[in-house]
Amino acid sequence: MSALATPPQRLVDHFQSGLDAPICLTWELTYACNLACVHCLSSSGRRDPRELTTAECRSVIDELERMQVFYVNIGGGEPTVRKDFFELVDYATAHHVGVKFSTNGSRITPEVARRLAANDYVDVQISLDGATAEVNDAVRGAGSYDTALRAMENLAAAGMRGFKISVVVTRHNVGQLDDFKAIADRFDAQLRITRLRPSGRGADVWPELHPTAEQQRELYDWLVARGEDVLTGDSFFHLAAYGQALPGLNLCGAGRVVCLIDPVGDVYACPFAIHDAFLAGNVREPGGFAGVWRDSELFTELRGPQSGGACASCGHYDACRGGCMAAKFFTGLPLDGPDPECVLGHGEAALAALGEAPDVPRSAVDHSRKRPPARACDEDPLSDLTTPIDLVLHRG
Amino acid sequence: MFDVDGPWALAGQVALRPEPFGALAYHFGTRRLSFLKRPELVTVVRALADHASAREAITAAGIAAAEVPAYEAALARLAATDMIEPRGTEIR
Chain H
1 MSALATPPQR LVDHFQSGLD APICLTWELT YACNLACVHC LSSSGRRDPR ELTTAECRSV
61 IDELERMQVF YVNIGGGEPT VRKDFFELVD YATAHHVGVK FSTNGSRITP EVARRLAAND
121 YVDVQISLDG ATAEVNDAVR GAGSYDTALR AMENLAAAGM RGFKISVVVT RHNVGQLDDF
181 KAIADRFDAQ LRITRLRPSG RGADVWPELH PTAEQQRELY DWLVARGEDV LTGDSFFHLA
241 AYGQALPGLN LCGAGRVVCL IDPVGDVYAC PFAIHDAFLA GNVREPGGFA GVWRDSELFT
301 ELRGPQSGGA CASCGHYDAC RGGCMAAKFF TGLPLDGPDP ECVLGHGEAA LAALGEAPDV
361 PRSAVDHSRK RPPARACDED PLSDLTTPID LVLHRG
Chain S
1 MFDVDGPWAL AGQVALRPEP FGALAYHFGT RRLSFLKRPE LVTVVRALAD HASAREAITA
61 AGIAAAEVPA YEAALARLAA TDMIEPRGTE IR
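These protein sequence lines map, in sequence, to chains H and S. Using the working numbering, the letters of the first sequence correspond one by one to residues 1 to 396. Using the working numbering, the letters of the second sequence correspond one by one to residues 1 to 92.
It cannot be assumed that every hint is accurate.
One side of the interface only, derived from the structure: several residues of chain S facing chain H at Cβ under 10 angstroms [as the list claims (entries may be wrong)]:
1. Phe2
2. Ala15
3. Pro20
4. Tyr26
5. Arg31
6. Arg46
7. Asp50
If you're looking for bench data, these hints aren't it; they were derived computationally from the structure. Where a beta carbon is used, it is the ideal one built from N, C-alpha and C, also for glycine.
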């Protein structure tokens, strides 16, 4: 082996023990959203009155620049409903923090698309969870397929090449992988397929929506055949136990190389772990984000040696590393045991052992909008005075 | 083709972040992340801009003769992924 191929310590060990700064991080800018997707990982809907102000967001960006965080994945909620959204995007890119943001496309007008296409440091990710309106809208709501496709047309017309089309893979859309690829090719876009996690409202629908064991195998074979042509956000590393690993770091980066900043400044280990158990601190604390990243007890623990627990004796542990922490936690499984979608079926068995109505942890953070009343007079006329009125939610 | 006798530099859209193992290189245009797994390679990459050729930059970094081919191969891979670029092509 060449000198360069034999570093003193494996790269993966460096990542496992954490870097001085994240490579990238997810930043949910608002809990407000004009959609109400059934699987929303952040249970978004209503804006939180404590959300970071423009000035606070700017100082977070200043910190990220100092730490040399390469880019942020901005999401929400629907981040573009923030009035200062483009101001913050421009501020980040002017300060050498690249931006990739996820959107349902509702605000990607031809004018906005032209603006985005002109900035090399901005990447856009349009969420689409069905290659047909029928499959997509069942999860993301009526009209959301047309909205997403219109946004893609606007981006393509503006000359934006290689934007991302982001698909959360479910039992109902896993058969449409080739169709998704065709849509991406049509717009000169890049397809991104990620895993459905039982996080946020996703916990309610995960049992019915997550791919079956057979579908998971088909998905793996499809992804292996596509190689680097299809992005996965490193979300399927638990499938590495089938044999060959998919492109990516293939490890859980939570608190080690990635993390989440939520709209109120809370820092969680990962975007799929909005729960007190994974809360490391808040960017409003005196040490700021850097202080939380470097010194939080939770992150220090995550960067320490991990026990394989029940998985330690499994021959595939080196490949899958026990899978996704959040997927285990929100399905009620122990963190040092198999992933609920363990390719050997150990997760399924563990879930079955929990019984019919297992006591699973729920996040206390929920900004879901209440369902509209069946009749106007069913609603307490005083309720508008006791709940925060949210003006940001009007459709643009 | 990577020309080891030509002038090279870190690409304008690439950020290099020091790490205990070497450095992370991120290209804002291609959004590719590369791992420079040796501090010596980071020294070479940073030195490219100050030398008439990549070969000179490798020599200046004090790389042992036996290891030079490995460093040339690493630079060729960085060139293939646009992390480094021939000098003079960059529009500033």
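Hint by hint, here is what the structure shows:
1. Taking 10 angstroms as the C-beta contact cut-off toward chain H, the hint placing S/Phe2 at the interface is violated, the least distance being around 15 angstroms.
2. With 10 angstroms as the threshold, the beta carbon of S/Ala15 comes within range of chain H, its nearest partner Cβ sitting at about 6 angstroms, so the hint holds.
3. Satisfaction of the interface hint for S/Pro20 is found here, the shortest Cβ-Cβ separation to chain H being roughly 7 angstroms, below the 10 angstroms cut-off.
4. Evaluation of the S/Tyr26 hint against chain H yields a held restraint, the C-beta minimum of about 4 angstroms falling below 10 angstroms.
5. For S/Arg31, the suggested interface contact is upheld, since its CB lies about 6 angstroms from the closest CB of chain H, less than 10 angstroms.
6. The closest approach between the C-beta of S/Arg46 and any C-beta of chain H is roughly 15 angstroms, which is over the 10 angstroms cut-off, so the hint fails.
7. The interface hint given for S/Asp50 is broken, as the beta carbon of that residue sits about 22 angstroms from the closest beta carbon of chain H, more than 10 angstroms.
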